[in-house]
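Asker: Going line by line, the protein sequences match chains A and S. Start counting the first sequence at 55; every next residue gets the next number (the working numbering). Start counting the second sequence at 141; every next residue gets the next number (the working numbering).
Each hint should be verified, as a subset may be incorrect.
What the hints assert, rightly or not - Sample of chain A residues at the chain S side, in silico, Cβ under 7 angstroms:
id	residue
1	Arg62
2	Arg64
3	Phe65
4	Ala89
5	Val103
6	Ala106
7	Glu108
8	Ile110
9	Asp121
10	Leu127
11	Glu129
12	Leu194
13	Ala198
14	Phe236
15	Pro282
Stated by the list, open to error - Computed footprint of chain A on chain S, listed as stretches where at least three residues anywhere in the stretch have a Cβ under 8 angstroms from a Cβ of chain A:
id	region
16	147–158
17	168–176
18	181–190
19	265–271
20	294–307
Hints are computed from structural coordinates only; laboratory data are not their basis. By construction, the Cβ of each residue, glycine as well, lies at the ideal position given by its N, Cα and C atoms.
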Amino acid sequence: MRQSNEDRQRFEELKGIQAIDGLSETELAELNQLARQLPDADPDDFERVAAAVEQIWSGEPTKLMPDPVRNKLEEQAANFVLANVASEKVHTPQVPEVSNRNSNAIPWLAAAASLMLAFFAWYEPQSPTAKTAAEMRNELLTSASDIIRVDWTPTNASAVETTPGKSANGDVVWSPTLQKGFMRFRSLAVNDPTKEQYQLWIFDKNQSEATPIDGGVFDITESDVVVPIDAKLRVNDAYLFAVTIEKPGGVVVSSRERLPLLATVN
Amino acid sequence: MEDVLLPRVARGEETAVRECLSRYGDLIWSLARRLLPTSADAEDAVQDIFVEIWKNAERFNEQVASEKTFVVMLARRRLIDRRRKLGRSPQVQRIDETTLVTPSQGRADVLELADEAEQANRCLDTLQKEQRRALELAVYHGLSHSQISDCENAPLGTVKAWVRRGMIQLRDCMNLSHTSKGGSK
């Protein structure tokens, strides 16, 4: 009985790690072994709980899958169906057109074809006519009817983050309907991405001030740049945009110690 | 309530495979962008996730969880696995007390939620403050147990216990175990 209790405790500990950190091969084997030993064991229940909670905290999808990604997945879906159909035929003896001599090769051929199609679909070179961020910003300005446009205001901290001898400036444009926007910077200091990166924060009236929306991590590579906004959550009613300097990769919650630019929505 | 697609996907219906992509594409993309560091990582991940969903469609059991929960579960599993392999995860500096506010608090009531999610909303209110915060940092912000330990200045064992007990309490409150519903996997 005591052993059984210890096993159940370990089983639940492993499920907790699986749902949050993921398991190593060894830990996964241990989890599966315990699942076989314990009566009424459900190895997936914690992951299911996390998935249900995820839906509450994430709300509606905040990002639309980009068309190029969607197109590639649609091709992949077609390949998946094709491979499955081929495989089904092999396993269905009454289908006359599949000869025994070739049947073993069909799944391999289907898989190979699928892999080749997936490879070419996935590694399709970018179109030479891909638009620049500046062009997309101009398009947004002319197409969206609800554009918010505010200028960056340098803070005291910006003195050290600005190109020497110049004051950082620029603006933010944002369309609440399209959930799309761009930042334009002039004379903001070029950063070394291996040491630090810039990060945008969007303050929304529907969010606590302590938890602004992460607007994405970006680099300044030259004196005059346009950067797309990459909001991680839906922005309903923005009242302030802020740029901070963070560790490479950005942070979940900023200490806001280095905050060179702000843009306030009137 | 939307029709379930996965049984049709499991039967190899092409339209269902495409509908699955259409229905869950934005959801999975949003999840991947939030939990992975770059857009390129997210692109790779969503490809893996959809293959995983299509391949595992026959494992879906409507009696145990909603289709959306099943899809999110598979997606999270792949994303966590990928993040583990990348050796990267969101970095954290200081988190103050006010970050206890749930990210989408105040919006959940206007959303069309899956049954489990509606129930989860009610059950979350029954958790202890520490349990809820640990789960929020882990599930929503994607922090590991050790990162939560650093953030909260709490021993790792304590953080694991908060998460584990929170999970058990939610599972029991939401009736989300297949053993409690007689479903099989």
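Asker: Identify every previously stated hint that the structure contradicts and give their numbers, smallest first.
Answerer: Violated: hints 1, 2, 3, 4, 9, 11, 12, 13, 14, 15, 19.
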